[in-house]
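K.L.:
Given chain A, work out where chain B should sit, using these hints.
Single-letter residue listing:
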Amino acid sequence: TAEEAYNFFTLNFELEPQDGTEKKSKKREKQKKTTEKDSDEEGGGVVEDEAAPLVRDEEEALFVIEQSSRDFLEVKKAEYVGYRKRIQQESELLFTPSFRTVPTTIKLPENMKPRYLEDEGLYVGERPPISLTNENILENRILKMEEVILTHMPHKIMVLPDPIKESSTRPPLFHMEEDLDPALHTVYRKSKYANLYIAGAADPEGDYQLDVDVSGLIFSHHPLFSREHVLGARLAQLYDQYLTRQHNNLTGHLTDKVNFIHGGESLTQAMQRRISEYSLEVRNTRQLRDSEQEKDRTLLKHIVKVWKELKALRDFQKFTNTPYKLSLRRENVDRTSDERDYEDEILAEVVELEAEIEEDYQKKFAEYKKQLQEWKLCRRKQKTKKKKRKKKKKGQAQDETEEEDEDQDPPEKPDFDSIEQRVREKASRIRRKPGESILIPELSASGNITASELCPRPETARREDVTRRSLFVKILYNDKEVSRTDSRSLNTDFRVHFGQIFNLKIINCPQSINLQVFEEIGSSCYLLAQVFVPVPEPSVVADRVSLEEFEFSSNQRVMFDHEGVGSDVPLSFEADGSNKQTLLTSGKLSCRVYWGSGEDDVALAPPVSQQHGGIHSGLSRLDAVTFIGASGLYDMKKIGEWATQSRLDPNDPKNASIMQLLKVATSGEVTAPEYFRLEQLQEEFNFVTDEELERSKRFRLLALRYQEVAEFRNYKCVPSLEREVTDKVFQEYEKRLKEGEIVDTKEHLDSHRALVAKYLQKIRESVINRFLLAKHHYILSDLVVEEEIPSIGILGLNLFKLAEPKRPLKPQRKARKKVTAQNLSDGDIKLLINIIRAFDIPIRRPQSNKPGQSSQSAIQGSDWLLSQVQVRPFVEVSFQRTVLQTTTADGPNPCWNEELQLPFSAPNGDYSAAVLQSVKDEVFINIFDEVVYETGDQDRAKSIHTRVEKHWLGSVKIPFSTIYSQSRIDGTFKVHTPAVLLGYSKERSYGTNGAYDTLRSLSEGAFITLFITIEPQLVPGESVREKFDSQEEERLLQASERFEREAAQVYPNRPCITTVIDLNGKTVFITRYIRPLNPPQELLDASPDNPQETTALVARFVALIPSLPDRVSFSGVCDLWSTCDQFLTLLAGDEEEHAVLLCNYFLSMGKKAWLIIGTAIPEGPTAYVLTLEQSRYLIWNPSSAQYYGQYDTFCPLQTIGCLVNADNVWFNIQEYTSPMTVSFDTTKANLWKPFFSRSFSHPGLSSVQVTSGQASEHCVIIEKILKEKIMEWRPRHPTRWNRYCTTTLKQFLPKLELSGGQDMAEGHRHELQSLLGDNNISGFPLHMPFSEIRPIIEAVYSTGVHNVQASNVEFALAVYVHPYPNNVLSVWVYLASLVRT
Amino acid sequence: AVMATSNPSVFLLSVNGQIEGANFPEYDNLYCKYCFVYGHDWAPTSGLEEGITQITCKGSESSHKLIWNFPLETTFKSTNPSGWPQLVVSVYGPDVFGNDVVRGYGATHIPFTPGQHTRTIPMFVPEPTWRLQKFTSWLLGRRPEYTDPKVVAQGEGREVTRVRSQGFVTVSFHIITKDIKKLGYDTGPSSLANTPSATSGWSTGEQPYNME
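Protein chains in written order, with the numbering used here: chain A, 1 to 1381; chain B, 1 to 212.
Extracted from the complex, chain A is given alone in its bound form (with noise of 0.2 Å):
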């Protein structure tokens, strides 16, 4: 029971705690055993009630001591909530029904009985059944619900009937189908396909027959026809025509009816009254016999020319091809009859017309009648009215009418005289003479034809190529081959026999014929032409048709060598080659079409309701072809028949071309529209007419984003008001515009770099729309990310990783995730640089022979600790305007490891892969010295005042598109320092470290190991899928393809480049830009006896010439190779350029020289030039002029991919990559793969390259701009400019370029001391091309010379600008701060 139950959970309840308590105690126990006083304390807890609370006290303060900070820490159990506890918990929320009966006193409420009304005698019915349970359930859980309300209940609850019936109501469906009621039985009825199929086809008894018969073909023209052949076919086809005109004799016809018409004049009374209608038709028909005989003559000359051309061609070529021969027999007629028949219908003629032309006249001289009579009537009714008026102007009034009188004469009679004349000079052309015999040509085909034997060479091979060809037809019913015919081979006289008749059993509705002549020559065959067939008519069977023939060609072009005259080429029978023909293969094939007849005569045609039934049918009356058949629908009449018949709805759209037709054939002006319009209702959808589509400023910002224009593409929220879009807006964009018009002068120092520059805006808009272009053509990569196929080797790997060590001792580099682009945003990504260490930094020269040094004992004491220091260098670094530096290290050659991280933001926050290709930001490290000068008070010796100078000693620049298409640079890297350098000294210390120092004897100057990354890696934009069209040789192009794609399959990070896409963006073999050029005269004259000299010159005038990445350029999209030519004009490249330029001059100097492909530091992929000195290999960067020894450690060439000269490509095969590493003999096949070798030799590619200087002002502008800026920088602080130091400086600088920059320090540094005594000067020189302004305006801000803060500093500057051939420009800055002491 729940007592029981209560009982036995509270027993156990209690016992636990005092088990815990006692567990407690043991541990508390074993805890303080090493405690004296654990009995006490055993024993105090016993005696707990009868101690006194005094020493009870006592030793608990005694125990306070030594407790341990554990015996604060309450120690609890988990928190546990009991299950009685929760039991009472849920209680309270929860209810569970109990399923025992209600005692029936709870139901009612107080004093009140049952009612049962059974024992009433009231019927009560059947309960439904319900279990006692849920009864029971239910009861109890209405009364904990309504124990509150309490209302009347019955004894028992009332139960409904469950409503939903276990069976149902509706009878059940399986019956047999027997049994199925049959109307309700279903009948199969196969589907029909669109009406297509003609209704009962499918039955036994409705079969359809369609024959085809096609009996031969004939060519009027083949290519095979030899020139005799054309002639026979031209005379062939003229005698034909001459035969249906005979046959039809068209002139004898007419003739007959003018006479009828003439007698019929005569004839009967009732005809006289329409006498004018009869001399009209008359006057017709004459017209159209005279036509006629015209015909006929000329066909007769025509027939004649030919046939004697023919027999001339015969003669000349000595052999005969046609058996054509044409005879002419003569008529001989009656000479008097003819000639009386002659002059009578001369007669008759002249005599009609002359009644024509006096009928004529008669009319018109009716009509002026007419007209004086009116004019007579006129004129005496105003006669009548002046008279009234003005009588006494009578007679002038008289006059003027008698003028007008004589203005109107009557018509002129007709000359009757001529018209005999004209009469007969016409018929003299037209027709025969009289008394001259008839002549009947007769074309026979019973001429020999030459054998094969006695024929030419040329000739016989026609022949034999004639004999191989053959002809077949298939036959296409509703475009389906549903039968073939024998393939016959092709006669001499061009004439194929089939003779095949095909019986189509058809099922379809028939709506197009179609026969396709084919000829076959060995095994290929060809389309030569189609003929569509109409279909017949129901009513056509065989005996009512006759062969009919179909005239088809082809305009396919056939050239021969043989006599052959082909097909679709200009030929010409006259002797002088003029009047060129061309003929068209061409040819009539004969062929009928009709139903086939069932055993009682039949027609199995489709019953006409049927086939024209389609009338009713909505889908074929609005197909025309189906209803008029294909060779209908050149008839108008039948289109115009059929567009009534049918009804056509004018309004509908799919009916406007027919339409348009019909209107046009109606009107009878079958005048076609001078125009083609592709889209003829174009202008109806247009959703606003094109003015407003320009005036509008909301359309203008729609469109423009529409075409991805830069400052538009990523515009949101254009306003959907005219007049919320401002102009500001566009203001930038128009600018820009502008801008591309607008040369600026102060940007570009004179019209022919402007001029470049527009150029090259030019190139770079092209190209980029063209990526634009490309971008949107995706493939499967692009959208759908999927797993590898994993091959055997990566299951391998796999495999074996599930063995390596869990924590190697050699961890591998992992690779970072890479990120696209798209979704980045500010501040995600950061550009890592990791600043390593440095070599041989300048150092500090103590100013020794310094006048005054005796003066400041301050000073002189921090020059006793520089002397000291050497050095302190730090590292700053720049980037989009943010500065970092790292602390500052001591000596010369200094290890930071520091880490830096600059932010990176890119423009207009558009982080897409191009736009991030395109960031033109360069990354500025520069090296620092940190001079720290006392300039305390010497009253107050306490307080020491220090100011901190930072001295540039160099930097190193990394362009952002370079880290970015790198997405990792490591190395060390040579830091440019300026030549002069006043204050140190760049010697360096020798002997501390022989082996160290061996390895860098070759290299001068400081270095400094870089690490940068972007965080996190970015995806590099990929290059551009297009292929780009070429004049190349496809096989070339195709070995080439081979040649990279092997090469990138063995070994994938070695560049290998066999084509370049040049500026106009065609591909070009890389080869063709290989070709000796002679460098510019004034290079060659400056030292002739130094060859060595020279050479540096030669690569310092092409390391002049600005750099500019094709990458930045043209967004990532490709590299364009422009030749040394364009590269000359447009003075600016990348490193491709300069290599080849540099290669190229070697080579004109004699030396042996190879473009290097390969990836250098920072560049990345790119070119430098090899040359072979005295059996020594030298390495030279083109874009800095330096060279390196192969064996020298710090040359910034880390990969060599491949060597290209003007002869062939070779592709690195050898292990290693890196110059040290690898052999340069070209030769040998095992070290180096050439790209044109034995079996592929070089096709003789020739060369694109093409063979082929005011500095002062540049100068002045170039300093004024540099004051200005460096004024600028300086707001809180007036710069002071030393005129003399200036001077001195500008002195300088001309010596700097004529020594190349060699090192002269010293004598330089002693002059200007010399010179300017007692101060202290800081500054450099720098140097650099000349492009643009904006990268000297930065370079020089990189420098922070500005930066000096001390009062009394005074600035001096000095430019200078060296030209060069080309306008290639050198330009030095000579910058220097002065410290007055």
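Read the hints as simulated data drawn from the structure, not as lab findings.
Small disclaimer: the values here were computed from a predicted structure and weren't measured.
Think about it this way: if two alpha-carbon atoms lie no more than 25 Å apart in a straight line, the pair counts; the simulated BS3-like pairs of lysine-lysine are: (1) 77/B <-> 697/A; (2) 182/B <-> 697/A; (3) 308/A <-> 325/A; (4) 728/A <-> 77/B; (5) 181/B <-> 697/A; (6) 77/B <-> 716/A; (7) 383/A <-> 370/A; (8) 305/A <-> 580/A; (9) 716/A <-> 150/B; (10) 588/A <-> 325/A; (11) 301/A <-> 325/A; (12) 1269/A <-> 957/A; (13) 716/A <-> 181/B; (14) 716/A <-> 182/B; (15) 295/A <-> 308/A; (16) 1264/A <-> 1290/A; (17) 728/A <-> 716/A.
P.N.:
Relative to chain A, chain B alone:
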């Protein structure tokens, strides 16, 4: 509160509704991710732009239907009907080996007319390129997926993919628009054009009412 001026410059589109469920006869334990794709001129003003539903397994008795009943409630403002928002749904679930793989992508435009709409979105997944890949992707549980589910809302570049159709997702929308007509766009049914609409305020398909 009177919230609209007489000359509005933006219109509002309020989307309420829910991703009701899906019908994937072959799969179970699926969940659904959704996001909206819209043009440059659109901006969400309130509500969640993307979300993820709970995992649902099929009930034994209901006819193979997965029920998510995941509410959508987002309001957009826009100046231009071009780039009308689309709802992109993608369904994921475990395969035989328990790897989470994609079961379908689908997209539908938010209905234009105010009122209640139900859309059944047919779903599809990209197919592996090679048959061998099909097998390996099945084995490794790494099926091909779209680089971005939003691809299914754009037409560009789709021709390079091959997909297999797979199941349906049912979404119900209740659309309310505001000021769309004042800017000259008529999206409602033609009969609605005649009803005297309230001067300002939200209008549904059934009846216009004012929001005070």
